[in-house]
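Visitor: Take the given structure of chain A and dock chains B and C to it, following the hints.
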Amino acid sequence: MRGLGYYCRLMGVFVKYSLMSALEYRANFIAGMTVEMGWMIIKLLYVAIIYKAGTSIGILTPDHILLFVGTYIFMTGIFMLYFGNFNALPGMIQQGELDLYIVKPVSLQFLVTMRRLEFAYMLPNLVAGTVMIVTGWRLAGLPADPFFVAGFLFFLVCGCLLSYSLFLLPYLLAFWIVSLGGIVDIANAMWDFNNMPSMIYGKWGRRIGTYVLPIFVITNFPGLFLMGELGLGACLWGAGAPVLFFIISRRLWKMALKKYSSASS
Amino acid sequence: MIAVEHLRKEFSYYKKATGIKGSLQNVFHRETLTKEAVRDISFSVEKGEMIGFLGPNGAGKTTTLKMLSGILYPTGGKVEIDGFIPWERKNEFKRRISIVMGQKNQLWWDLPASDSFYLNKCIFGVDDGTYRDVVTELAELLDVRELLNVQVRRLSLGERMKMELLAALIHQPDILFLDEPTIGLDILSQKKIREFLRIYNQQRKTTVIITSHYMADIEALCRRAVIINQGQLVYDGQLGDINRVLGERKLLSVKTSGEVNEKQWENFGRVREISAAGAVLEVPQEKVKAVLGAILSGLPVEDFTVTEIPIEESIARFYQKEVATI
Amino acid sequence: MSSYRCVFLMGVEQALEYRVSFFLSMLSAVFPIIIQTAMWNYLYAHSDAAGVFGYEQGQILLYTLLATIVSQLVGAGFEGEMNRDVKMGGLNKYLIRPVDYKWYQFFRFLGQKIPRLMVAVPVMAVIVGVAFWQGLPLSAGRVLGFLGSLILGMALNFSIFYCLGLLGFWLTDADKLFGTVGIVLMVASGGVFPLDIFGGLVETVVNILPFGYTTQFPVNIINGRFGWERIGMGFGFQLGWILVFACLGRHMWRQGIKRYAAVGG
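Chains as they are written, first to last, in the numbering used here: chain A, 1 to 265; chain B, 1 to 326; chain C, 1 to 265.
This is chain A alone, in the form it adopts within the complex (with noise of 0.2 Å):
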């Protein structure tokens, strides 16, 4: 294993080649750009029935509501940025392209996951989210001191390593089954769980989508912790949760590369 330098420096490289190559075309990145920035129409649509009805969920104003779909639509824009290479890790390993990656001297996940990254559709989700973010953050006077704004970035950290460890997970059984057909499909859909803050899906949904399957931790563990809202367990959890993913995520991973390297010709 080399040091955290060695790998940002690659992540530097990507950046800049994926950059490169998307500027080859750049009637497709506008095209890109476009799209992202139609869906967020409908990510919004849900901001703006809130504001109309004027109502609190639970602890919720508007405000706080518009905070929380900023953190989504922000992840959203993170996340986005290296799905691509996701989708294509099936194709990958039924063409036998992985040979080339596993003799380099690097993690092949790490390779094979961060290689292409797709800004256009990362920058519409990241502007729109940001600004939602500080708008809703001042809007709903929450505390905007170093403590309260590093507490945030760090659950914004550990959403992303959970994101990426979480949805990971369904792709990786293109190892064992050759056509995933829709299972990535359902599991990529739940992704939008998370447009309307998780105090809408009543006791047992918001349990199970937080201590199960926590997708609801990757984007509203964040705004609670600047509520107040969060006790101990749950900071724990938030803290913990990504890195037992992403332990998860390793683990399978490399058995993964075991079946492939016993089964494949």
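Source of the hints: derived by calculation from the structure; they are not laboratory data. C-beta: ideal position from N, C-alpha, C; glycine also. Treat the hints loosely; a few may be bogus.
Subject to a maximum C-alpha distance of 27 Å in a straight line, what follows is the list of computed DSS-like cross-link-like pairs (lysine-lysine) [said to hold, decoys possible]:
#	chain 1	residue 1	chain 2	residue 2
1	B	Lys104	A	Lys259
2	B	Lys104	A	Lys16
3	B	Lys35	A	Lys254
4	B	Lys104	B	Lys191
5	B	Lys90	A	Lys258
6	B	Lys35	A	Lys259
7	B	Lys104	B	Lys205
8	B	Lys47	A	Lys104
9	B	Lys250	B	Lys263
10	B	Lys35	B	Lys78
11	B	Lys78	A	Lys258
12	A	Lys104	B	Lys255
13	C	Lys87	C	Lys176
14	A	Lys254	B	Lys78
15	B	Lys47	B	Lys205
16	B	Lys205	B	Lys90
17	B	Lys289	B	Lys250
18	C	Lys258	C	Lys87
19	B	Lys90	A	Lys259
20	B	Lys78	B	Lys205
21	A	Lys104	B	Lys104
22	B	Lys205	A	Lys104
23	C	Lys176	C	Lys93
24	B	Lys78	A	Lys104
25	B	Lys104	A	Lys254
26	B	Lys47	B	Lys90
27	A	Lys254	B	Lys90
28	C	Lys258	C	Lys102
29	A	Lys16	C	Lys176
30	B	Lys78	A	Lys259
31	B	Lys35	A	Lys258
32	A	Lys258	B	Lys191
33	B	Lys205	B	Lys191
34	A	Lys52	A	Lys203
35	B	Lys255	B	Lys289
36	B	Lys47	B	Lys78
For each label pair, taking beta carbons as the anchor points, the in silico distance ranges come out as [unchecked claim]:
#	chain 1	residue 1	chain 2	residue 2	range
37	B	Arg154	A	Ala27	14 to 20 Å
38	C	Gly129	A	Gly58	31 to 37 Å
39	A	Asn28	B	Glu308	54 to 60 Å
Guide: Frame of chain A; chains B and C shown alone:
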């Protein structure tokens, strides 16, 4: 340097429908079939050697190469390369080897090849100075200096292959595995790549194992050949000795002024070709003199030549199963 | 005999495989409905949502269930092929034959809807049946109005996307627009939420623009939101817009084909 002992690889596969439904069925009932891709292969390679790996399609060449480079786990047997076991995939080992597959590419399609080189530089941790020297020197040797900044998608197939080779050599490996490096290329590109490999091997003393369908590749580059068929090793030795192993025979081409019928030719040896103007006979080496004398005195001969059986043809005979027992 | 059996079983297997995939994909389309239903239930339970949005709770829930299906039924999807025909000279084979390109595309569009209709109609019947049993005021007139407006909605959406496809005569990158336009029009047609919930200016604009008449209008007939007068007016708008886009399409086709002949296709 490379020692392969009793290497085996079996693939088990299920008679299975694809997809979820099929997989669910397989949970309860699966019929396992086994294919032996490589069975009991042993050989060794010295440092700096360049050996040709020959065999018909599906003989197990690529599978063996993948085990040597650590991509696949074997079912049995041992491989040791410079004290490393390939499939443990230690980074230290990966830095010493490189593999190029004619059918797969590692270059970024929309970027100049030099960018892909740079990525490999970062991955392998090659320092700046060495990197610059290697690229300059190899680009010169491969005659692609002007193409380094052209997007890969604009390159011809031959040029792209040269770039793949260059990319694979950025970290100056001790051992190079080449799987069909000239496949689909035009004659000129093939020649150029051959020439490059020959010079590179001479200068760097890099050990090279190469598989190819084109005999010309192997004949130009390798003194030693390893032939496998149906997963088994059928020949390991000097390329030039292959004919001797098969029992030395010569080809006798005779031109006649008048037509000679087939029956008559058959008295002299095995007839391989026949026409109104002559025939080609296959004759054991020790009988060449006698046969030639008989023909010259008995037939209206205008001209004749004696040649070796082409090596390609000899090798093809190894591919037939009955020869596998030699 | 055994080879026939093999082929037969393979066929069955493929059909099943396809169905499993299809089923799972359908399931993922259900997720947004779950999210929206959870949101509406919460809002209607905790505020005067009926007064704010102008929909009764039953009406909005029925809308949520039916809009996705109707949106699917009226949806186009031939614009990409039209663009290729225009760009790659595929148009030639229609020009030399005694067929009208527009009608060719229209009947193909209808033909492709048949399998969907066979799934969608029973599903909608069950949904509406349950709603009726729960107290939805339903009459034969409304059902007929719904079916009629659905057919006109298909025709309208066809006319709109036919014009969009013809843009290929003038724009080099027309196909790059389709993704974005598709999403925006789906939103504008009320395929996600009924846009008239926002009231005021938005409602007026939505009622004048053609897009709502492909999806929102039919659904609002069956869920009982529109009175007879509003329904009659809606049919007027539907027919009017069909006429407008048919004329526009005709004009675009004439101009486009001149251009096409001039550059030599």
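Visitor: Which numbered hints are broken by the structure, listed smallest first?
Guide: 12 and 32
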